[in-house]
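Asks: Read top to bottom, the protein sequences are chains A and B. If you count the first sequence from 1, you need to add 381 to reach this note's numbering. If you count the second sequence from 1, you need to add 11 to reach this note's numbering.
Hint data in this document are derived by calculation from the structure and do not stem from the laboratory. Beta carbons are placed, not taken as given, at the ideal position from N, Cα and C, and that holds for glycine. Among the hints, a few may not be true.
Now the in silico label distances, taken between C-beta atoms and shown as ranges [as the list claims (entries may be wrong)]:
1) B:Ile124 to A:Glu479: 22 to 32 Å
2) A:Gly477 to B:Pro98: 41 to 51 Å
3) B:Pro77 to A:Glu479: 19 to 29 Å
4) B:Ile23 to A:Lys418: 52 to 62 Å
5) A:Pro413 to B:Thr18: 17 to 27 Å
6) B:Arg69 to A:Gly432: 20 to 30 Å
7) A:Gly421 to B:Gly16: 22 to 32 Å
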Amino acid sequence: MPWLPSRRAVLTALPALLVTGCQRRTERRVAPEFELKDPGGSVVRLSQYRGKVVLLNFWATWCGPCVVEIPWFVEFERRYKDQGFAVLGISMDEDGWEAVRPFMSRLKVNYRVLMGDDRVARDYGGVDSLPTTFMIDREGKVARVHVGLTSKRRYENDVVELLDSAGGGAAAGRPAGGAE
Amino acid sequence: MLKRGGTASAKINVQLRGGYHVNSHSPNDEYLIPLRLRWDEGGPLKVLETTYPKPELRDYGFSDKPVSVFTGDFVIVARLQAAADAPTGTGVLAGKLRYQACDAKSCLPPRTIDVRLPYEIR
Numbered sequence: 382m383p384w385l386p387s388r389r390a391v392l393t394a395l396p397a398l399l400v401t402g403c404q405r406r407t408e409r410r411v412a413p414e415f416e417l418k419d420p421g422g423s424v425v426r427l428s429q430y431r432g433k434v435v436l437l438n439f440w441a442t443w444c445g446p447c448v449v450e451i452p453w454f455v456e457f458e459r460r461y462k463d464q465g466f467a468v469l470g471i472s473m474d475e476d477g478w479e480a481v482r483p484f485m486s487r488l489k490v491n492y493r494v495l496m497g498d499d500r501v502a503r504d505y506g507g508v509d510s511l512p513t514t515f516m517i518d519r520e521g522k523v524a525r526v527h528v529g530l531t532s533k534r535r536y537e538n539d540v541v542e543l544l545d546s547a548g549g550g551a552a553a554g555r556p557a558g559g560a561e
Numbered sequence: 012m013l014k015r016g017g018t019a020s021a022k023i024n025v026q027l028r029g030g031y032h033v034n035s036h037s038p039n040d041e042y043l044i045p046l047r048l049r050w051d052e053g054g055p056l057k058v059l060e061t062t063y064p065k066p067e068l069r070d071y072g073f074s075d076k077p078v079s080v081f082t083g084d085f086v087i088v089a090r091l092q093a094a095a096d097a098p099t100g101t102g103v104l105a106g107k108l109r110y111q112a113c114d115a116k117s118c119l120p121p122r123t124i125d126v127r128l129p130y131e132i133r
């Protein structure tokens, strides 16, 4: 069944998340659980990542702005992985792994990529356009949503803020100035 | 309007919302989804050729090379031929237009919309 995003769903389901800066902890909502497969066929659940800061990125191979962000995420995964951080990519490609696998190789993706479906898109508010990225804190709650191409610095500031606020000791991995 | 056995050209006007572009019919990256108009087959009309406009090569911040796109209003032309033994009267040639649109910072999922081209054979 094709992925049919709904703009109305985004506006009604997640209005409080479309704000500047990470939301205060008390205002955050739990990120919807999902079960999706990785390229090896293993089922991955978001709840497996509880206790980590997660950058959850909806993307597709045909999405130019998404492709710009992927090398940043590769770098974040490498830099912050040991501090309790993980990137999860959710591909919305209709052609499935056949399209995604070679693309991942080409961009040397070092983080876990899962194949999305209608259900996960709906649960995350419709995912009207790509890229759409959810910053999820260690408690499994959505701290911020980025819709569209965002700067590397903004993402990295979020990662560091969430790692720091959770007592993860990310100071050593702070982004250098001018890292846009 | 066509005569039996005759040919004619039909223009399909496409309007794109401001700020958006669609990939052209010949994108310059293998991962991009091209604009494509496909016609249903089997009726009294045969589509001899579908001609797309000349693409624009535009620079976008998300690409290190110009992207082959259509923007604004543009026209696709279909060259049609009626079968020599086509029944006279009116009909509709149906097709599907597949496209994928983006603006400067984000992309919408690929869509397929119905195209209906009324005709008359005399």
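Asks: Next step is simple, just say for each hint if it's right about the structure.
Replies: Going through the hints against the structure:
Evaluation of the 22 to 32 Å hint for B:Ile124 and A:Glu479 yields a pass: the beta carbon distance comes to about 25 Å. A beta carbon spacing of about 44 Å between A:Gly477 and B:Pro98 agrees with the range 41 to 51 Å that was offered as a hint. Checked against the hint of 19 to 29 Å, the C-beta distance between B:Pro77 and A:Glu479 comes to roughly 28 Å, which is consistent with it. Roughly 40 Å separates the CB atoms of B:Ile23 and A:Lys418, a value that falls outside the hinted 52 to 62 Å.
The supplied range of 17 to 27 Å is broken by A:Pro413 and B:Thr18, whose beta-carbon atoms lie about 55 Å from each other. Checking the proposed 20 to 30 Å range against B:Arg69 and A:Gly432 shows it is violated: the Cβ atoms sit about 45 Å from each other. In this structure the hint that A:Gly421 and B:Gly16 lie 22 to 32 Å apart at CB is violated, the actual value being about 59 Å.
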